[in-house]
Amino acid sequence: MTKTFKITYKVTIIILAILAAMTIGAIILLTIGADVLKTYSVILFEPLKTTLQLSEVLIRAIPLTIIALGIAVAYRSGIINIGAEGQMAMGILGTTAIALLFPELPKPILLPLAILAGAICGGLWGFIPGILKAKLQVSELLSTVMLNYIAAQFYTFFLRGPMLDPAESSLGGSGTPQSMRLSKNLWLERLPGTRLHTGIFFAIILAIVIYLLLWKTSTGMKMRAAGASERAARYGGISVTTYLVVAMVISGAFAGMAGAIEIAGVHRRAIEGVTGGYGFSAIVVALFGGLHPAGIIPASFFFGLLIVGADMTQRMVGVPANMVNVLQGIIILVIVATKMVLADPYLMEKVWRKYQKITNPPKEVEA
Amino acid sequence: MEITTKKITSLRVEHITKRFPGVLASDDISLSIGEGEILALVGENGAGKTTLMNILMGLYQPDEGRIIINGEEVRFRSPNDAFAAGLGMVHQQYMLVPNMTVLENIALGYKQAWSLFKLDLAMVRERIEEISKKYGLHVDPDAFIWQLSVGEQQRVELVKTLCLGARFLILDEPTSALTPQETDELIILLKRMASELSIIFISHKLQEVKDLSDTITILRHGAVVFQGNTTDHSPSDIAALMTGHEVELPLNEEPPCDGEIVLNIKDLKVKSDRGFLALNKLNLSIRSGEIVGLAGVSGNGQRELAEAINGLRKVESGEILFYGEDLANRSPHHVIEAGMGYIPEERNTEGIVPSFSIKENLILKDASHPEFSKHTFLRNKEIDKNATDLRIKFDIRSPNISIAAGSLSGGNIQKVILAREISRKPKFLIAVYPIRGLDLGAAEFIHRQLLEKRKEGIGILLVSEELDEILDLSDRVAVIFKGEIQQVLNRKDANRRSLGILMAGVKDDQNI
Ligand SMILES: Nc1ncnc2c1ncn2[C@@H]1O[C@H](COP(=O)(O)OP(=O)(O)OP(=O)(O)O)[C@@H](O)[C@H]1O
Ligand SMILES: [Mg+2]
Chain A
43 MTKTFKITYK VTIIILAILA AMTIGAIILL TIGADVLKTY SVILFEPLKT
93 TLQLSEVLIR AIPLTIIALG IAVAYRSGII NIGAEGQMAM GILGTTAIAL
143 LFPELPKPIL LPLAILAGAI CGGLWGFIPG ILKAKLQVSE LLSTVMLNYI
193 AAQFYTFFLR GPMLDPAESS LGGSGTPQSM RLSKNLWLER LPGTRLHTGI
243 FFAIILAIVI YLLLWKTSTG MKMRAAGASE RAARYGGISV TTYLVVAMVI
293 SGAFAGMAGA IEIAGVHRRA IEGVTGGYGF SAIVVALFGG LHPAGIIPAS
343 FFFGLLIVGA DMTQRMVGVP ANMVNVLQGI IILVIVATKM VLADPYLMEK
393 VWRKYQKITN PPKEVEA
Chain B
556 MEITTKKITS LRVEHITKRF PGVLASDDIS LSIGEGEILA LVGENGAGKT
606 TLMNILMGLY QPDEGRIIIN GEEVRFRSPN DAFAAGLGMV HQQYMLVPNM
656 TVLENIALGY KQAWSLFKLD LAMVRERIEE ISKKYGLHVD PDAFIWQLSV
706 GEQQRVELVK TLCLGARFLI LDEPTSALTP QETDELIILL KRMASELSII
756 FISHKLQEVK DLSDTITILR HGAVVFQGNT TDHSPSDIAA LMTGHEVELP
806 LNEEPPCDGE IVLNIKDLKV KSDRGFLALN KLNLSIRSGE IVGLAGVSGN
856 GQRELAEAIN GLRKVESGEI LFYGEDLANR SPHHVIEAGM GYIPEERNTE
906 GIVPSFSIKE NLILKDASHP EFSKHTFLRN KEIDKNATDL RIKFDIRSPN
956 ISIAAGSLSG GNIQKVILAR EISRKPKFLI AVYPIRGLDL GAAEFIHRQL
1006 LEKRKEGIGI LLVSEELDEI LDLSDRVAVI FKGEIQQVLN RKDANRRSLG
1056 ILMAGVKDDQ NI
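Taken in order, these protein sequences are the chains called A and B.
Our numbering puts the first residue of the first sequence at 43, with every later residue one more than the last.
Our numbering puts the first residue of the second sequence at 556, with every later residue one more than the last.
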């Protein structure tokens, strides 16, 4: 099989899939009487038109990438972490606490310390379901979801209580519970004129770290073995329960760091509702990206695009943002199906033989 | 497809070709089976036997060629189509749901018992009893699959296939997990059944092939290299045709061994999955440089013993002294570090991580070993070299070392496990059915390897139901029955008869 054929085959399938998704989406858009072409062009291209909008897409891709990396580690190790939303919230609390307590610390100390605090708080929130599963076989689906609620309550409590911006309580303020503006020493640099911050490098570095961890180290190999076949891993002397806990701690710490970066880079204060469903979207991003850093980065970008695009359609075409959620759902289904087709080597071989028969029939058959 | 109950009077496959990435698994295969005929399909590991049968059962689509039943071409898009046409297959790897009972597993395929809102389990139970009685195949309908030994699961598969009304049986290595008695019984049973149905039978044991089949087809590298009548050829002829050379299994002819005792098991009590005592005060000692064969009908505690030693099963009481250290209830990691090698019974689910590549599986136990990792970073060069060497040495048939181990043929999966366990330089080896599923040539090679290890001073506990294997290799033979060692015989006192009697639970020496 030639390389050109392989690439052409894959590209063709992807194009067919995109067409399929667009067709299904178009039918739905038509039923609500929307302008199909315009909606599409707004969702997919409008956010890319100006640097400002593009930067907004990237801003959303940063936490998605970081959280999805952690989820991929957990998933590969055999535990499904749907508690990233809560872990992220806990991370934000940790970061905020440090920044409020030591605002005077110089930047090279405060920033790493605050991110570390975020990682520790998120990691702790991942450790709990991990240890519960390892020791007591408590389903992580249950415990992580429950911990999301607990984290949300904590978050609300702290933002409305101890961490509430003094300006909010006395003067009424913005009406949204939030902390005061955090020390400048915590702020990440921004690209002038945009909100795009240096967290993007941090996300890329973490992606490389996770790639190395999972595929280039013995620890990663053991984690993957534990996730792929618990019984064989146990037989191989791999302590499945230990790696399960480790994986959950890493996963939680990543969500916590995503929270820290989001605060330090974008908002510069903790605000109620700032996690905004990133913890859940990141699950889809992780799966979508094939649980691999090289897939997660583009997947995050794509989802960032959809999030920003949804906002814009509402404003520009009057298609409700919910409708865009429906489109997202369709796209997810189509992509999952496409990935299965792409992963089928038999189908590819079949097409290859058909293709060969068509291009040079007599000689090939003999060989 | 309509469900028919018509007899299958002839089945032909013509010019079947099937390619997998990098492998030509079936290469223009044609064969035919008449009514009441038994065809034996033999060939080396990876020759393409299972693939051809999977094509017959609609699990794979052939790239070329056709299947003709009773003179009419058929096309099976799924196993359901094949069932409907009356074909039934017992697979090499069992296809049972582990956390369901025997009854439920059979009910899954037994469509007659299904109605819209109800599954008629009583009807399935009746059917199981009817088949059990008719063919003398005993199964406990309420046992969970995960509680059963491989041999018992095999029987469940056979009962299931018969319950579903197969009129053409395909058996992929049905005897590899059976005891000699069970094998004999199965052969008699199959012969009797041949009056009602046709059978394709895959086996690496040529004596069975000789006893049972009417015709033989030999595959090599996916192609038919020989077809003929069984009566015209002796087992050694067939072996020579199959491998291209004479095969002679090696014998342990060394004098009795006098090394020090390295594994000493004292009063070991271990529970089975079902909660009863699988090992009841078991005592056994093995010297360095000694092969002790553990003979016994499967399900008498062999699996539990192997798992307890390797830290995979809780020990209730007793000691497992290994070079003086008690291994009871230590972690699998600790046992491995202590120098224990273990070839497990379940190769697909325990011995390998199916989705991992061959090279990763070959270092499953040694990923952190300095040979293969440095500062926790994997040393890819060494890992590749290790895999390349072992692939050649153990003749693992695969397109390369990076493909998933789960896609290998049954025998080649076993070779991956053997390669890893033998090459890791263990101080002791627990080999559970080491040549199950291997072709003759590979079995010969493995036996030679085990004897070589013995010479190097390694103690080996050889668990097997094959009396020939045990008699060929062992210095001493221990017979296990209901979780206890019946008796330990020296090689010169052990023979098929004496072992057979002990294995059946008769202990009294006068009866021998
Ligand atoms: N699903 C699959 N994907 C890729 N390759 C496969 C697959 N199944 C089988 N093969 C390859 O096809 C070849 C034939 O395999 P097959 O299982 O038919 O051998 P076999 O004759 O049954 O061997 P054994 O005696 O070891 O069971 C092997 O090289 C194997 O690696
Ligand atoms: Mg096979």
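Hints listed in this document are in silico derivations from the structure and should not be mistaken for laboratory results.
Warning: the hint list may mix true and false statements.
[Stated by the list, open to error] If you anchor each label on the Cβ, the simulated ranges turn out as follows:
id, chain 1, residue 1, chain 2, residue 2, range
1, A, L178, B, N884, 48 to 54 Å
2, B, L876, A, L178, 51 to 57 Å
3, A, T284, B, E740, 56 to 62 Å
4, B, A677, A, R273, 31 to 37 Å
5, A, T54, B, N884, 41 to 47 Å
6, A, L178, B, A677, 46 to 52 Å
7, A, L178, B, K666, 50 to 56 Å
8, B, E901, A, V187, 57 to 63 Å
9, A, T284, B, K1047, 46 to 52 Å
None of the values given here were measured: they were computed from a predicted structure.
Note that beta-carbon positions come from the ideal geometry of N, C-alpha and C, so glycine has one too.
Structure-based check of each hint:
1. A/L178 <-> B/N884: 48 to 54 Å: violated (20 Å)
2. B/L876 <-> A/L178: 51 to 57 Å: violated (33 Å)
3. A/T284 <-> B/E740: 56 to 62 Å: 46 Å Cβ-Cβ, so the 56 to 62 Å window is violated.
4. B/A677 <-> A/R273: 31 to 37 Å: holds (34 Å)
5. A/T54 <-> B/N884: 41 to 47 Å: This hint is violated: roughly 58 Å between Cβ atoms.
6. A/L178 <-> B/A677: 46 to 52 Å: Given about 38 Å between the Cβ atoms, the range is violated.
7. A/L178 <-> B/K666: 50 to 56 Å: With a Cβ separation near 40 Å, A/L178 and B/K666 fall outside 50 to 56 Å, so the hint is violated.
8. B/E901 <-> A/V187: 57 to 63 Å: Because 34 Å falls outside the window, the suggested range is violated.
9. A/T284 <-> B/K1047: 46 to 52 Å: With a Cβ separation near 49 Å, A/T284 and B/K1047 satisfy 46 to 52 Å, so the hint holds.
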